[in-house]
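Visitor: So the chains spell out like this:
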Amino acid sequence: MNTISDELVQQHGLSHDEYARILEMLGRVPTATELGIFSVMWSEHCSYKSSRVHLRTLPTAGKRVLQGPGENAGAVDIGEGLAAVFKIESHNHPSFIEPYQGAATGVGGIIRDIFTMGARPIALLNSLRFGPLDDPLVRRTFAGVVAGIAGYGNSIGIPTVGGEIGFDDSYTGNPLVNVFCLGIARADEIVKGVASGVGNAVYYVGAKTGRDGIHGATMASAEFDDKSADKRPAVQVGDPFMEKLLLEACLEVMRTGALVGIQDMGAAGLTCSTCEMGSRGGAGVTIDVSLVPQREAGMTPYEIMLSESQERMLLVVRRGHEAEVERIFEKWDLHAVHIGEVTSGGRLCVKHHGEVVADIPNAALTDEAPVYRRPMAEPAYLAGARQLSLAALGPPPPAREVFRRLLASPAVASKQWVYRQYDHMVRTNTLVVPGMGAGVVRVKGTTRALAMSVDGNGRFVHLDPFLGAQLAVAEAARNVACTGAQPIGATNCLNFGNPERPDIMWQFARAVEGIGAACRALDIPITGGNVSLYNETDGRAVLPTPVLGMVGLIEDAATVVRRAFRGEGDAIVLLGAGRGELGGSEYLKVVHGLVRGTPPVLDLELEAALQRLLVAGVAAGLIRSAHDCAEGGLAVTLAECCFNTGLGASVEVPSVDVETAFASVATLFGESASRVVVSVQADRTAELVAAAQAGGVPAAAIGRVGGERIRIAMAGQIAIDEPLAEAEDIWSRVIGGYFDRPRGAA
Amino acid sequence: MRARVFVTLKPSVFDPQGTTVAEALHTLGYATVTDVRQGKYFELEIDARTPEEARRVAAEAADKLLANPVIESYRIEIDAGAGAAASAGVAR
Amino acid sequence: MRARVFVTLKPSVFDPQGTTVAEALHTLGYATVTDVRQGKYFELEIDARTPEEARRVAAEAADKLLANPVIESYRIEIDAGAGAAASAGVAR
Amino acid sequence: MKFAVVVFPGSNCDHDAYHAVKHVLGQDAVFVWHKETSLSGADVVILPGGFAHGDYLRTGAIARFSPIMQEVRRFADARGPVLGICNGFQVLLEAGLLPGAMLRNRSVRFQCEHVFVKVEQTDTPFTLGCRPGQVLKIPIAHGEGNYYAEPAVVERLERNRQVIFRYTTAAGAVTAEANPNGSVNNIAGLCSEARNVVGLMPHPERACELAIGSADGLVVLESAVASVTQRAVAAAR
Ligand SMILES: Nc1ncnc2c1ncn2[C@@H]1O[C@H](COP(=O)(O)OP(=O)(O)O)[C@@H](O)[C@H]1O
Ligand SMILES: [Mg+2]
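As they're listed, the protein sequences go chains A, B, C and D.
With this note's numbering applied, the first sequence covers 1 to 746.
With this note's numbering applied, the second sequence covers 747 to 838.
With this note's numbering applied, the third sequence covers 839 to 930.
With this note's numbering applied, the fourth sequence covers 931 to 1167.
Just chain A, same shape as in the assembly (with noise of 0.2 Å):
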């Protein structure tokens, strides 16, 4: 009779309470391998245990949805038969540990998470969070995460057609490297994660399990501190020549009708895929781990199942489909392994050598998994930082010195040294490239396209959670609009501190309160997203960064635009009214070195107007370009769409009603929300107003594309005026400059 003593109960993540439940829930003493089975589905990451009663509150229903939460990915219908799947995964804490190699499984995780579904990955995103980038241990996660990304996505041939990546000290001991995927697949024919009918067949298949990655998901679910360390063998290695032909050989085994449920060995392993699908199926699955590959020799049953090893596939297959099955792995160098049954009963039954070493019901492993209404608490920073008096700032620095640097400014700056990395062309459909806005792929064989955008702000999320995840969305939300696409669904990607912390938790519960009030306002629903908590070092949080993914509908991809003006000439109309909102923003940030105020307020009915006017402007051909103002305000939006044209422009806009000394800083630099710089050829200007103003969304004619420079005039005074060649010159150098030697030194 085994014993297991408190601290090797401890050792496994599990409380006290938490054991006790294990014992009554088996009846006896777990063997070592449940033991370790139950550490990880308990865990945070895998039971999703402090958040799941507060994700259960977000909207998932919607017309075009066919698959929410809860399956590997969601799914809505984008017509003509077809579905886009999409989901969006973090891989923050093996990314802070090996930067390459956490980046690149991440990518290799999400993408198994689609194509699991029966759907071809066409496009990726990225969404990461970095300390200063003065710092060189950073430069080296930097630098580290991003060719991890490009050396997976690229090497398997998925197209990244863009991200977002923000900066901030709290991110310098855990950065964030979020990654979203979206796939096509035909509408009748995905494919779930579920096994049933007793007898079928349980297949492995991809690379051999290894010892690495043991405990990762109950590491992603422990605060780093100094004792992190030794936790640290847990590193994966990814494969992408193997992934590509497990995405190959699975797409071409779904077609055949063999297969009644797949799903890929992510967190927690073969531990994970076993219980999940015989749990979904309502039925049992039986397998013997001496029949898994394996990579070391001597593994013991907990170490196979709780291995992380990457690219990695469970599969139940139809009795007597099972050569067939095996003959199409073959092609592609892949063996298939029969390792176990489907069974009735309901339990997950792990063998070695034909022994029994773990026997559980697949419900305590997940359904009847512990969840928590852990205590919540205002924070104690809140109303402090809340306040802000500009007065006391003393004056603002004159507004061409904050333009520059705010183009100077990291989070503002070119990302062409990152994406250019990407290979965000390939499979011909990127029609929308990054840098030009939200990435938008068109679907071949169809008139339409998919725009999709990843947007989070954590300084908002900071000084007001539910304000702050409500302009997440509708940042997101727009910024697809802006390319003339009818958001359609939505994941999100839920990045916070400590949730046993009350304040943590609080800033959590009130986030996904405010999504979901965000996305009921737009009626966009959620399919499904990932939680990442204990993202702190040594007791410090994170800024709290819930990140959504977007996804909109583009009915006719001839007619997508882009954030660069088109034509000299054209006029410049802004939609939507600025009122000076300097809370959060990138100014505070950047000049007065200040995360303080009260986010941009927002009104949904406005943002809902102005979205259903884009995406009509466009598509009646009105609207020529049009980009979201965010971080910088007008004067950055607006120079943003002169870069990469060589077009100029010339406006005059409306100062905002605020402190005079703060009226120039405020009006060009303030982050209000529900605003859009768009372009129109000149004699249209007063149809897209009148059409605007219908709709309920303020509009004013601005000024007009051309010229070399960037001139921005209020009240009647010119507040900036640049030379369009070096404001561009300032923006695109300055994520190279950190990495690359000035051309020409020694």
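Hints are computed from structural coordinates only; laboratory data are not their basis.
Heads up, some of the hints might be wrong.
As the list claims (entries may be wrong) - Partial selection, computed: residues in chain C whose CB lies under 8 Å from chain B:
id: 1; residue: A862
id: 2; residue: Y868
id: 3; residue: Y879
id: 4; residue: V895
id: 5; residue: V908
Said to hold, decoys possible - Derived lysine to any residue pairs resembling SDA-like cross-links, with alpha carbons at most 20 Å apart:
id: 6; chain 1: B; residue 1: K786; chain 2: C; residue 2: D885
id: 7; chain 1: B; residue 1: K786; chain 2: C; residue 2: K848
id: 8; chain 1: A; residue 1: K444; chain 2: D; residue 2: E1088
id: 9; chain 1: B; residue 1: K786; chain 2: C; residue 2: A897
id: 10; chain 1: B; residue 1: K810; chain 2: A; residue 2: I97
id: 11; chain 1: B; residue 1: K810; chain 2: A; residue 2: R140
id: 12; chain 1: D; residue 1: K932; chain 2: D; residue 2: V1163
id: 13; chain 1: B; residue 1: K810; chain 2: C; residue 2: N906
id: 14; chain 1: A; residue 1: K444; chain 2: D; residue 2: A1145
id: 15; chain 1: C; residue 1: K878; chain 2: B; residue 2: R750
id: 16; chain 1: D; residue 1: K1067; chain 2: A; residue 2: T645
id: 17; chain 1: D; residue 1: K965; chain 2: A; residue 2: E326
id: 18; chain 1: A; residue 1: K331; chain 2: D; residue 2: A1145
id: 19; chain 1: A; residue 1: K444; chain 2: D; residue 2: I1142
id: 20; chain 1: D; residue 1: K965; chain 2: A; residue 2: T645
id: 21; chain 1: A; residue 1: K208; chain 2: B; residue 2: L755
id: 22; chain 1: B; residue 1: K786; chain 2: C; residue 2: P907
id: 23; chain 1: C; residue 1: K848; chain 2: B; residue 2: R750
id: 24; chain 1: C; residue 1: K878; chain 2: B; residue 2: E789
We put the beta carbon where it would ideally sit given N, CA and C, even for glycine.
Got chain A; can you put chains B, C and D with the ligands on it based on the hints?
Guide: Just chains B, C and D with the ligands, lined up with the frame of chain A:
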């Protein structure tokens, strides 16, 4: 002085490149090659007076840049001069 | 038996990776590192009875696959057994 | 007219080449798996881009041993038009069907961007529809496209007019700035001595429709069609 630095993946770390090379060798008929591990190899020319000094510089370079301590280990050999025998390597 | 194969770019071939490493080392303050060349390193486990046989297999593998003669040359060392001294390398 | 697109494990621009040939150009296209031993009676062979065998070891190093490569060699020896794009070019180099080798990009990073290449020679099956000196805007997407050959070989290539594409400015000037990866003499593409085998790093198949940024690459595929037609006419005479 020349330092030769061999960087290899730690034994427990998966080596997809080595695995792929091994498979290719099998396809080519080299069945007796039972395992392949692929690593990196650096030759550093170091302006040092003593082999010890060269080794110290090479080790620092390896620690900071050439090897990734999370997944790799390295070994250094010093060629004191052209034609001189390699001094014994020190692994870490 | 273990064969160690070092593949290096021929001296006449520009080595972008080595150059980048050298620059990075200079940035880190290692001015005494005057040149860096980066190559590949393979460890082949070979089921061979004699070191000569292992060397022959390794050389064939290098000729056919591991090195590209247009830009690279290689060197082989054989570890006859654990703890045994490396036999002298043969370059080509 | 039939194009064969060879698929190695790890090829990932196979669908792009297929799409360009079949749906943009309107010609017949078939995928040919690397383990096959027949090119299915194709008139033109494309070795597409990607990461054959993961590009582990060296780009193209393992792919050259694939069974289909014997057929490709036979086809090339019979003067059939063979186009190697990016990874396909690298395979041709490793297989010895074209001279030289690829080094890491000078930047030591993968680069994906539109570049300009000048068509240096129009007497190959893949450039005969070009104007001499025509500049094409075509994307690159590679980490190892830094072409190298020994000086004597480069000299011979130049003398034999085997350099088919060169990286240039938009105006066709051969400058160091226009060279994205450090290739010797700004070489972006080559042909064999018999001129029927062409390899290039840029991706013409990704530049066949304006909607995706450029249609300048289409002329490369159109040339192949014209060349096969010409050969057929010549043979009939
Ligand atoms: N990590 C990244 N990967 C790929 N593309 C990126 C990345 N970061 C930024 N981009 C691209 O750069 C452009 C500007 O990004 P951002 O400033 O966040 O845009 P916006 O303000 O419109 O949200 C976008 O087109 C985006 O897709
Ligand atoms: Mg953004």
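Visitor: Tell me if the straight-line CA distance from K932/D to V1163/D falls inside 20 Å.
Guide: This hinted pair holds, its Cα atoms lying about 16 Å apart.
Visitor: CA of K810/B to CA of R140/A, is that 20 Å or under?
Guide: holds (11 Å)
Visitor: Given the hinted pair K444/A and A1145/D, is their Cα-Cα distance within 20 Å?
Guide: Holds: K444/A and A1145/D sit about 17 Å apart, inside 20 Å.
Visitor: For the hint on A862/C, just tell me whether its beta-carbon gets within less than 8 Å of chain B.
Guide: Interface hint status for A862/C: holds (6 Å vs cutoff 8 Å).
Visitor: Within a Cα-Cα threshold of 20 Å, do K444/A and E1088/D meet the stated pairing?
Guide: Between K444/A and E1088/D the Cα gap is close to 41 Å, so the pair fails against 20 Å, i.e. violated.
Visitor: Decide if the proposed pair is consistent with the structure: K810/B and N906/C, CA atoms, cutoff 20 Å inclusive.
Guide: Violated. K810/B to N906/C sits at ~30 Å, over the 20 Å cutoff.
Visitor: Is K444/A close enough to I1142/D, meaning Cα to Cα at most 20 Å?
Guide: holds (12 Å)
Visitor: Grab the minimum C-beta distance from V895/C to chain B and call the hint holds if it beats 8 Å, violated otherwise.
Guide: holds (6 Å)
Visitor: Have a go at the Y868/C hint: is there a Cβ in chain B nearer than 8 Å to its own Cβ?
Guide: holds (6 Å)
Visitor: Would the pair K878/C and R750/B pass a check requiring their Cα atoms to be no farther apart than 20 Å?
Guide: holds (12 Å)
Visitor: Starting from K965/D, check that the Cα of E326/A is at most 20 Å away, please.
Guide: Holds, because 17 Å separates the two Cα atoms, which is no more than 20 Å.
Visitor: Verify the proposed pairing of K848/C with R750/B, using a straight-line Cα cut of 20 Å.
Guide: Cα-Cα ~16 Å, so holds.
Hints 5, 6, 8, 13, 18 and 20 from the earlier list are contradicted by this structure; the remaining hints agree with it.
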